[in-house]
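Given chain X's structure and the hints, the job is docking chain V onto it.
Protein chains: 2
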Amino acid sequence: MENSLKELVYEFSRTAWNEYLPHLSIDCVVFGYNVANMKILLVQLKDQENWSLPGGYIRKEEDINQAAKRILTDRTGAHDIYLQQFSVFANANRSQDFFEEYEDGLWNKQRFISLGFYALADYEKVNPVVDIFSSNCDWIDINELPNMMMDHKLIFDQALLNLRRELNYKPIGYNLLPEEFTMPELQRLYEIILGKKLNRGNFYRKMIGYDILDKMDEPRMEGKAHKAPNLYRFNIQKYNIALQDGLKEGW
Amino acid sequence: MENSLKELVYEFSRTAWNEYLPHLSIDCVVFGYNVANMKILLVQLKDQENWSLPGGYIRKEEDINQAAKRILTDRTGAHDIYLQQFSVFANANRSQDFFEEYEDGLWNKQRFISLGFYALADYEKVNPVVDIFSSNCDWIDINELPNMMMDHKLIFDQALLNLRRELNYKPIGYNLLPEEFTMPELQRLYEIILGKKLNRGNFYRKMIGYDILDKMDEPRMEGKAHKAPNLYRFNIQKYNIALQDGLKEGW
Numbered sequence: 001m002e003n004s005l006k007e008l009v010y011e012f013s014r015t016a017w018n019e020y021l022p023h024l025s026i027d028c029v030v031f032g033y034n035v036a037n038m039k040i041l042l043v044q045l046k047d048q049e050n051w052s053l054p055g056g057y058i059r060k061e062e063d064i065n066q067a068a069k070r071i072l073t074d075r076t077g078a079h080d081i082y083l084q085q086f087s088v089f090a091n092a093n094r095s096q097d098f099f100e101e102y103e104d105g106l107w108n109k110q111r112f113i114s115l116g117f118y119a120l121a122d123y124e125k126v127n128p129v130v131d132i133f134s135s136n137c138d139w140i141d142i143n144e145l146p147n148m149m150m151d152h153k154l155i156f157d158q159a160l161l162n163l164r165r166e167l168n169y170k171p172i173g174y175n176l177l178p179e180e181f182t183m184p185e186l187q188r189l190y191e192i193i194l195g196k197k198l199n200r201g202n203f204y205r206k207m208i209g210y211d212i213l214d215k216m217d218e219p220r221m222e223g224k225a226h227k228a229p230n231l232y233r234f235n236i237q238k239y240n241i242a243l244q245d246g247l248k249e250g251w
Numbered sequence: 001m002e003n004s005l006k007e008l009v010y011e012f013s014r015t016a017w018n019e020y021l022p023h024l025s026i027d028c029v030v031f032g033y034n035v036a037n038m039k040i041l042l043v044q045l046k047d048q049e050n051w052s053l054p055g056g057y058i059r060k061e062e063d064i065n066q067a068a069k070r071i072l073t074d075r076t077g078a079h080d081i082y083l084q085q086f087s088v089f090a091n092a093n094r095s096q097d098f099f100e101e102y103e104d105g106l107w108n109k110q111r112f113i114s115l116g117f118y119a120l121a122d123y124e125k126v127n128p129v130v131d132i133f134s135s136n137c138d139w140i141d142i143n144e145l146p147n148m149m150m151d152h153k154l155i156f157d158q159a160l161l162n163l164r165r166e167l168n169y170k171p172i173g174y175n176l177l178p179e180e181f182t183m184p185e186l187q188r189l190y191e192i193i194l195g196k197k198l199n200r201g202n203f204y205r206k207m208i209g210y211d212i213l214d215k216m217d218e219p220r221m222e223g224k225a226h227k228a229p230n231l232y233r234f235n236i237q238k239y240n241i242a243l244q245d246g247l248k249e250g251w
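Here the protein sequences come in this chain order: X and V. Under this note's numbering, residues 1 to 251 are what the first sequence spells out, in order. Under this note's numbering, residues 1 to 251 are what the second sequence spells out, in order.
Incorrect hints may appear among the rest.
Any copy, or any two copies together, can satisfy a pair, since identical chains are not distinguished.
Unchecked claim - 20 Å max Cα-Cα, derived SDA-like pairs, lysine to any residue:
#, residue 1, residue 2
1, Lys153, Arg220
2, Lys206, Tyr190
3, Lys39, Asp157
4, Lys69, Gln85
5, Lys60, Glu103
Keep in mind the hints are simulated off the structure, nothing from the lab.
Chain X with its partners taken away, still in its complex shape:
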């Protein structure tokens, strides 16, 4: 018979005290984008209705970025996902209710200060891994999020807010779009992150004005040739230079 979540947690706790830094956890908001849909990776722990962000702990000698990478690789098999630490979630009783029925002294029941990371991926290229603690691990559209445990919805909200602000000085577009894309595809990504419609002419003018895109010689071949949309790709050198100052810094 399968073990319950409770049994698994008690077993994990026995070795965790030696292996990980106490009081510190990592929660990851993994944004996945593909053809005009933005999703995040969510986990449903065994015996739980609410979903949670993929997360884990930091080994005693491990850098926090290494730890976040390891956690994501375990969940996705992917090794080259863009990762960014963005905030700290530290309410003294943020996990108190969840572990109320567990015994004191359990690793998971101590006070955890969680380092929030966000990650950027193409969800078509990532296969969620259901581990022994969970019954589900899935990409879920950010407009259809289920109930989430503890403060995980707050962590998601903060991550999205950060993504919005960082559109101007982090390579967000570069990490979410395929190598070549059309201008409407780029605009759609911005609209989804910003949560609002943008004017097509303004968007085109600004993007061209930043001088960070290379226009491909060949348009995308689909349907009628005279309607084939132009393809662009980021000029990563120019993009990185522009990002240093912030794409919109008008001062």
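Structure of chain V alone, referenced to chain X:
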């Protein structure tokens, strides 16, 4: 005779294990502004050449913001300083060299992941407190920073970068300027934070365009009456509404 830093640290260590969360520290970059000078609060520990950021630890039941406030109040006597957590400094061996000569098992010698906070204050209103561990605590101009211990210069650099980015969506100006100020004074603050000269006409136009300032009826009375500069003050209601979207979000 006065105790050495080493003796004081060993004494502190005995009770610290019971009082604070292990592995977690707080470092504060306290920006102080007054009449066109930007300084930060720095501490010189006893027997040390290098300076350090004011910092401390988190009590076992304490919220991280409470902890940062307590640390700043101890250092400054001030209770209402604007505080913002901005990044995490977690290199596995960031404090290894500094504590090399100390014994293992010492509280201060464990691995610390530091939560960086920045704070905003008027340095004329804050009196630095020299505590038992330190020989100096002073406001030092950001253009004349001395050598700093461990990764504290990096923490300062990151804090300044954050301040620059957050000029657009955090009440930075409101927390650093006196209640009433002239447009050149506001421009000077922006120039110091951004680290570059700004065009006077553009700055004036943009600031008025944001519609976040109230112009006072009376200009500042100094020198010749016909040259008295206009005084402004932030309209905090309008300012907060504008900040929600980001002052410069042009999309």
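- Checked against the structure, which of the hints given earlier come out wrong? Number 1 only.
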